[in-house]
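The lines below spell out each chain.
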Amino acid sequence: MIKEMTCVACPLGCQLTVELGENNEVLSVSGNTCKRGEKYAQDECTNPVRMLTTTMKVNGGSLPVIPVKTSSPIPKGKMFDCMKVINSEVVDAPIRMGEVLISNICDTGVDIVATNEM
Amino acid sequence: MLKYDLVVIGGGPAGMAAALKAKECGVNKILILERAATLGGILEQCIHTGFGLHHFGEELSGPEYAYRFIKQVEETDIEVKVDTMVTDILTGNIVVATNNTDGMLEIHATAIILAMGCRERPRGALDIPGSRASGIMTAGTAQKYVNIDGYMPGKKIVILGSGDIGLIMARRMTLEGAKVEMVCELMPYSGGLTRNIVQCLDDMGIPLKLSCTVIKTHGIERLEGVTIANVDENRRPIPGTEQFVECDTLMLSVGLIPENELTRNAGVMIDPITNGAIVDENRQTSRPGIFACGNVLQVHDLVDYVTQESYTAGEGAAKYIKSKSKNKRTKYISVKPEGGVRYVVPQNINCDADCDVKLYFRVKDVYKNGRITVTSGDKVLYSKKKPKLAPGEMEYVIVKSDDIKELDKKEIVVKVEV
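Protein chains in written order, with the working numbering: chain R, 285 to 402; chain P, 30 to 447.
I should point out that these hints are in silico values taken from the structure, not numbers from a laboratory. Note that the structure is a prediction, hence the values are computed from the model and not measured.
With a straight-line Cα cutoff of 30 Å, these simulated DSS-like cross-link-like pairs (lysine-lysine) come out:
| no. | chain 1 | residue 1 | chain 2 | residue 2 |
| --- | --- | --- | --- | --- |
| 1 | R | K360 | P | K417 |
| 2 | R | K362 | P | K184 |
| 3 | P | K415 | R | K287 |
| 4 | R | K323 | P | K415 |
| 5 | P | K397 | R | K319 |
| 6 | P | K208 | R | K287 |
| 7 | P | K414 | P | K429 |
| 8 | P | K348 | P | K387 |
| 9 | P | K208 | P | K173 |
| 10 | P | K208 | P | K245 |
| 11 | P | K185 | P | K173 |
| 12 | P | K417 | R | K319 |
| 13 | P | K185 | R | K368 |
| 14 | P | K238 | R | K287 |
| 15 | R | K360 | P | K208 |
| 16 | P | K110 | P | K351 |
| 17 | R | K323 | P | K397 |
| 18 | R | K368 | P | K184 |
| 19 | P | K110 | R | K341 |
| 20 | P | K397 | R | K287 |
| 21 | P | K417 | R | K323 |
Same shape as in the complex, but just chain P (with noise of 0.2 Å):
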């Protein structure tokens, strides 16, 4: 059986920040493992710029955004296996792989850091009425088709969903000469960054219809059209509003789930609302050794984020495969959110954290001047105001490593109050 300290699943930015900076704290044995045929994971389709203001100081498409670690993990001795594809972590942090070169592999990993990113919800979560007609697909796969595979899914194009993906792809199949007729979004606001909206929606002259979606799909061979309908505060379609919209391609963007059929199969607590594992301030999961960092853990908006999330992560497992022997569980802090608040990552805060902790996380609705607290019994450990919060924009406050050792109570609550 191979053996090394450290087993890395997923070869994206979470699982390359994340290698890199085990590596950094002086982890001898690292393997990546990545499915794909290269480093770099999704940003190597995401051709548009935005990435890198926060890490780098500089607004880098995804793929040089990508290019920049993989050469860092290129100048390291962090062993890389692509085109391989884990199936299973076994009892004794067993990581089951295969490869059409090594067949089937088991690897003994002291730690194990999970990084497998996140799917797009499919049309199949939706039911919206049709049949199986082609032109019907997520905006990654349409995004995938253009970027990689150089061709253009369809010409006439109907966008359900104003995720961020969905936007970028609405300006993207303008630009190579497409026409989308417009942006449904069932919600009354955007789940897209107001940049987006303005850059990809206004300045190519496509309307976004808020409270609307798609509730039926036309044609038998290949999409012919779809019904809209304006829908109601409980987001039920209006009868009255219906209107036809010709088109050969419905692209979908209505949302990300972190891909965690390995984490559950691992045994790892889930957090019902984020979807991905449960974890602490380190980024270790319910299961002693196993780590999660990235869009796995959390869907983020911004690879800044992830790369910041993935070093925490890195950090974390060097310091478990280093103490592993007088590794004792310390009791923990439980964050809950609260009012306004939907989910805070991380879950749990160890009670002798040693440096601050920051809590990321997203509110249920938009509020404008919102007071975010943060509190543990009647302990104010943070409050401040702010302008304007939406759950597009994951927001985060840094709590005090000082101010954890010295709570009495050992539940942290994170709010919103308007």
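Just chain R, with the same shape it has in the complex (with noise of 0.2 Å):
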């Protein structure tokens, strides 16, 4: 299988070809201008991983919700199910900068901080 994507290792945003075999394992990579494109698209392809950023429901607050986020990158497949989990909880003030909201979100090994104190 052939797949198109566009490298974010720099600005320069190079169109990368990806050949991908059976088991989705990378042949070659094509359109990359720097060894960076190649661990992009290798990662990108077997293992995509994102930041979750979204907000979470307080009781008590100064605001109604607090922003949170992933402690590290999470698979990309998992941000929606992290999503309704997040969504499903009300977390009491006062909440301090980086506190743990949320442990072992979704068995994914990383929890849902606070970024900001409330």
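The task is to assemble the complex, starting from two chains supplied on their own in separate frames and drawing on the hints.
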């Protein structure tokens, strides 16, 4: 299978063409102008991860929601599952910066932490 | 009348960094005036990550980036007045401000730093025909609704303009369960960062329609849809390409304008291209003792660059405050954009500049393998090829102070040649 993607390792934004094998293994990468492009394609095709940032409902805070993020990147395919869990919970103020609000979300081994204090 | 050595107008990343640097340089009495209820500025609603890679060497969210500066300000004796609106700057550097506890304030400042940031270009600036139905808003307004006030402004969304705030909101609304139908961009290229196109649109399966715009809005009480059309090379809609798209919300991400009402009223000279003040390498404006930095001076892509620029302004203001008695106007070298360069900041450099000067600029179009040159008469001060230059990415070059001192022509030209 051939996959087209844009490299985001730098602002150049090379258009990459990735040739994938039967088990989604990367056979070849073309269109990149540096080595980072090859690594980007490899990561994106085998294990794409993203930081998830959103808000969580707060009880008794100065604002109705507090911004949160995943403590490290999570698999791209789990973003919407994580959103469901985050949106089903309410946290009580006061909340410290960096406080863990949900631990090991969706069995990713990653926590949801506050990115502000309230 | 209150008296301060330095009054900083605006408590966002620019104002905080400028005040902190001035403090570090030994300025005694500093006051920050902030319109909102807290310090932090627009970063408070920019909950996505990507801030601080240059300045802190790590990727932070907006509130985290702001928090680090807020804590630093709290550790100093810099005074802060929040919920305070500055209404005027009078001759003699008197700042007029008002709030609920002090009433009307007149503050005498030896130096003033303008750090009011920018505003989004509103619907009225686009002349899209249609009624004033609810559901038409700027992307930043929608961002405040979702990330600060905690509610969703719509369910079916069209975004006009592919600026970074629009792209970020496309992903944000999708994550919260809304359907983003498309992002329309008038230009044949996006004004947003490539990374945002990939991670906000491609990831979420949202189409980006280039050379396409909204030509009409439908609905009386609430937005019911928009008519989009492709545009030709002169950005005029092409008849026959019109298409109706059902939506309840139209978000605009069509550019930012530095908020310079105060600056204009103070009689500071404005650059018609940046819409910000004309400044020298210390970020001093045409009015002695008034400095400007951050998005009020020029719209930045990265807050890290705002911080850098604001440190420069803070240092410049500190120098001014210390040497005020013997402050003399030196001669300027003017910095001019040419060819593919749209503007350069700073627009002036003092002839006796005692350190290297960073010239920030934006190009007019997308250039592949363009050569950036900085020249003065026949003298070439800088020349380098870049694989890609785009209007959406601010560039900078450094001019050495030794070179500045040796110039016989009092003009520097920044150019891009393909």
